[in-house]
Amino acid sequence: MLGCGSFGVVYAGVWRGLPVAVKTLVVPAAIDSGDRDGRARRRAVLEAAISLSLTHPNVVSTYTYELKPLVQQPPGPAPDWGSESTSSGNGGGGAPSCVEEADGHKLYIVQELCNGGSLRYALAAGMAGSMARGGACRHLALRLALDVALGMAHIHSCRIVHGDLKPDNVLLVSGTRHNDASHVEGAMLREPVPAAGAGLSDHMAAMAAGSGGGSGNDRGNGPSSFNTPLTLTAKVADFGLSLPLEEGATHASHHFQGTPMYSAPELVAAGHLSPKADVWAFGLMLLELFYGCTLETMCLVHGTMAVGMQPGDLVTGGVQRRQPLHEVLLAEMQGSPQCGQLFAELAAACLHQDPQLRPPFEKVAALLQPMYDDGSDRTADSPNSVRARAA
1 MLGCGSFGVV YAGVWRGLPV AVKTLVVPAA IDSGDRDGRA RRRAVLEAAI
51 SLSLTHPNVV STYTYELKPL VQQPPGPAPD WGSESTSSGN GGGGAPSCVE
101 EADGHKLYIV QELCNGGSLR YALAAGMAGS MARGGACRHL ALRLALDVAL
151 GMAHIHSCRI VHGDLKPDNV LLVSGTRHND ASHVEGAMLR EPVPAAGAGL
201 SDHMAAMAAG SGGGSGNDRG NGPSSFNTPL TLTAKVADFG LSLPLEEGAT
251 HASHHFQGTP MYSAPELVAA GHLSPKADVW AFGLMLLELF YGCTLETMCL
301 VHGTMAVGMQ PGDLVTGGVQ RRQPLHEVLL AEMQGSPQCG QLFAELAAAC
351 LHQDPQLRPP FEKVAALLQP MYDDGSDRTA DSPNSVRARA A
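Mapping of the sequence shown onto our numbering: position 290 corresponds to residue 290, and the numbering continues sequentially without gaps.
No lab work stands behind these hints: they were computed from the structure.
Heads up, simulated DMTMM-like pairs for lysine to aspartate or glutamate below, C-alpha to C-alpha not over 25 Å straight-line:
# : residue 1 : residue 2
1 : Lys-363   : Glu-246
2 : Lys-363   : Glu-266
3 : Lys-363   : Glu-327
4 : Lys-363   : Glu-247
5 : Lys-363   : Asp-373
6 : Lys-363   : Asp-168
Build out the structure end to end from the sequences listed, making use of the hints.
Following this line, the structure appears as structure tokens:
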């Protein structure tokens with residue numbers, strides 16, 4: 001077992017010669033019901049469908065899925081497996097049913113095995129690099145930030161909002177080993193159901209018909225191996241809270257979801273879920289990659305400061321409140337000699353209170369790429385350069 005959560009368990013396995021992670025979820029039968037179980041099953045089915053519709057080097061690959069009905073043994077004496085026949089002898093040649101369908105299904109999602117664990121684990125262990133430390137650590141932090149930005153740019157280009165972007169949902173791969181392109185291509189050629197990269201509607205239709213074709217991601221808590229820090233590749237994972245946006249829609253309303261520490265202000269206050277909410281979460285991850293540790297650790301260092309608290313909440317009813325943690329960290333980062341001007345501006349732009357002024361991920365990736373390639377982000381741009389480029 002690699003890990004477990006509130007909605008399932010993840011196991012290591014092998015699928016057609018590929019090392020894989022198999023995510024298993026038990027979901028209720030009534031997908032269209034409005035109760036909690038019905039919503040849980042819809043989330044599980046949607047996660048598999050979304051995962052299969054995405055193909056990108058910085059998104060965890062999904063190979064296949066299977067949705068099986070749960071069955072249970074009816075009460076009564078166990079059958080005599082030693083006899084020649086278990087039929088009732090009433091004619092017709094049919095044996096009596098020994099199982100009955102339960103009210104639920106089990107979803108198996110088969111995904112690539114990410115052997116480096118999660119970004120959160122790497123941050124907590126001091127193995128995710130750090131802009132502040134400079135050198136190779138700085139280079140690694142930029143590499144991981146760029147990987148996430150590229151993966152998210154692809155996800156948003158498919159009109160999908162991740163909805164729960166955080167270091168826990170970014171997995172790391174050290175080297176290629178068995179998951180290289182030739183191995184994956186050979187395995188997928190034998191797949192009879194919708195293959196990875198097909199349209200989201202294709203996979204939703206296939207799942208409704210009960211066929212396979214889905215996903216399963218590695219929720220491992222720790223790295224199995226780190227060859228060298230600079231060989232790590234980051235991949236966005238876990239689409240359980242993701243949302244496909246309708247054509248022409250800029251956001252979805254009444255979606256109070258996600259991890260509070262990484263939730264954008266408009267999501268917390270009004271339930272507005274949009275691609276710009278993912279950008280906010282990424283801005284917080286830029287802070288983590290700059291300092292080389294988790295937000296939880298920084299909260300402990302700075303006391304009980306709230307992440308994402310509105311500036312107007314600093315003084316409410318005459319009571320002085322603590323400054324939001326991200327504002328404190330941004331100020332410290334901007335004053336650090338290890339932080340280039342453009343990186344600081346980018347983090348600040350991603351954490352802008354107005355979601356419309358946050359840059360899209362394609363712009364974020366375009367700004368991070370030269371920082372990673374050149375090893376420098378000290379530019380003569382104006383303080384508003386990142387925001388201007390995002391327009």
